[in-house]
Amino acid sequence: MTEHRPKVLYVDDEPINLKLFEINFRKKFDVITANSGPEGLRILENNSVDVVISDMKMPEMNGVTFCETAQKKYNHIRYYLLTGFDSTPEIEEAISRSIVKKCLRKPFNKYEIEEVIQN
Amino acid sequence: MKNTDFEHLYNQLREKYERHEKIIVQAYSSLKKKEQQLKEINANLECKQKELEEINNELYKNNIINQNNNIELSRALSQLKETQSQLVQTEKMASLGILTAGIAHEINNPLNFIMCSHTGLTEFFENSSYKTDNHIKFLLDSLKEGVERTSSIINGLNEFSRNTETTKEECNIHKIIDNCLTILQHTLKHRVIIEKQFYPDNIIISGNSGKLHQVFLNILTNAEQAIENKGNITIKTSITNKNITITIADTGKGIDKAHLKKITDPFFTTKEPGKGTGLGLSITYNIIKEHNGNITFNSEPKMGTEVKITLPIK
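Going down the list, the sequences are from chains A and B.
Per our numbering: the first sequence ends with 119, consecutive numbering throughout.
Per our numbering: the second sequence ends with 314, consecutive numbering throughout.
For reference, chain A alone in the conformation it holds in the complex (with noise of 0.2 Å):
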């Protein structure tokens, strides 16, 4: 039996952080990958997802408005934002509202990320 790797979805506008998660962590899970929130949204229409990672400030649709909106589709799936910012009153509003479960920051560190997603 082989074990289940967990689909992770990641959601961010720099095409580099992209292209960076993907190679740091297809080895031990299945990555994809979304530009944009709406993006976001259609990915999680047509795919089974275990974890949502989104960055925050995105043109559009922000990181938590992104998770709010798909969490009341999706609520099985845990969602985390990662931001180069500090925290800010609406992070910590979705945090304590259970929308996000944590906020990660950048510079990334590979093993905790990896720590939430194997949670």
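No lab work stands behind these hints: they were computed from the structure.
Certain hints may be false.
[What the hints assert, rightly or not] Simulated DEER-style distance windows between Cβ atoms:
hint	chain 1	residue 1	chain 2	residue 2	range
1	B	241	A	4	47 to 57 Å
2	A	26	B	239	47 to 57 Å
3	B	69	A	57	46 to 56 Å
4	B	134	A	4	18 to 28 Å
Every residue, glycine too, gets a C-beta built ideally from N, C-alpha and C.
Keeping the supplied structure of chain A fixed, place chain B upon it in accordance with the hints.
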């Protein structure tokens, strides 16, 4: 004397008497009238005098009120000035906060590129024949060190300018002092030797992290600016009973005895125009008071200054 003569004389005398009597009666009634008039005038005068006294009293009272108003007005004016200076400072810190948050975000993203690439490359080399190559290891470690150092500066800046009013944040005193030293690094390097005599464990108190960063940045900036060429700054931390004590001593030019009492007054400065607003220590003093702490200054001209801060642990 004949009878008729006598009668004549009598009549004459009587006439005189009657005339005089009339005059006396007239004079008497005129006097009475005058007396009455005088009484009236007197009463009137008394009345006027009373009125004048009342007016005088009123004026006296108004004068006291005016004096009190003047004292209150000048007190309000100095309060207003102080509040205004603090508002300006708060506004400045808020703008700085927005600016640093923006910069932090913009820098953390490219740092993320480097860190992700470093992680990817490390993994790649571990699975290759370069696994034991010392040069590769040095290059990779340098990349990581660079990212971590930049990231810690950014985090320090974020901490420094965080703009909240809470006094219930966990504040790690040693970390706050280290963040301030990192920010001042460029002015200290090759000139000022920092000697840290820290309490062996972390000291955590409940307070406002951003504001405590301001306190230590102000004190350390003053210490650095007091040292004209080369010198030392010694930072000691200790825990006594329910308080923590932080002592920052410099070997700079010291503070004149005459100035020592005024250094926490708003706008008091001996620095050249443009180098100091005279707000640093006034704000520092207020922040320490907000944290129920105490700050004292000991200084000897030409020898240096020692600043002692005590803060309650809870």
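Now for the hints, and whether the structure bears them out:
Against the hinted window of 47 to 57 Å, the Cβ-Cβ separation of residue 241 (chain B) and residue 4 (chain A) comes to about 56 Å, which satisfies the hint. Here the CB-CB span from residue 26 (chain A) to residue 239 (chain B) is close to 50 Å, well matched to the stated 47 to 57 Å. Taken as a hint, the range 46 to 56 Å holds for the pair residue 69 (chain B) and residue 57 (chain A), whose Cβ atoms sit roughly 54 Å apart. In this structure, residue 134 (chain B) and residue 4 (chain A) break the distance hint of 18 to 28 Å, their C-beta atoms being roughly 40 Å apart.
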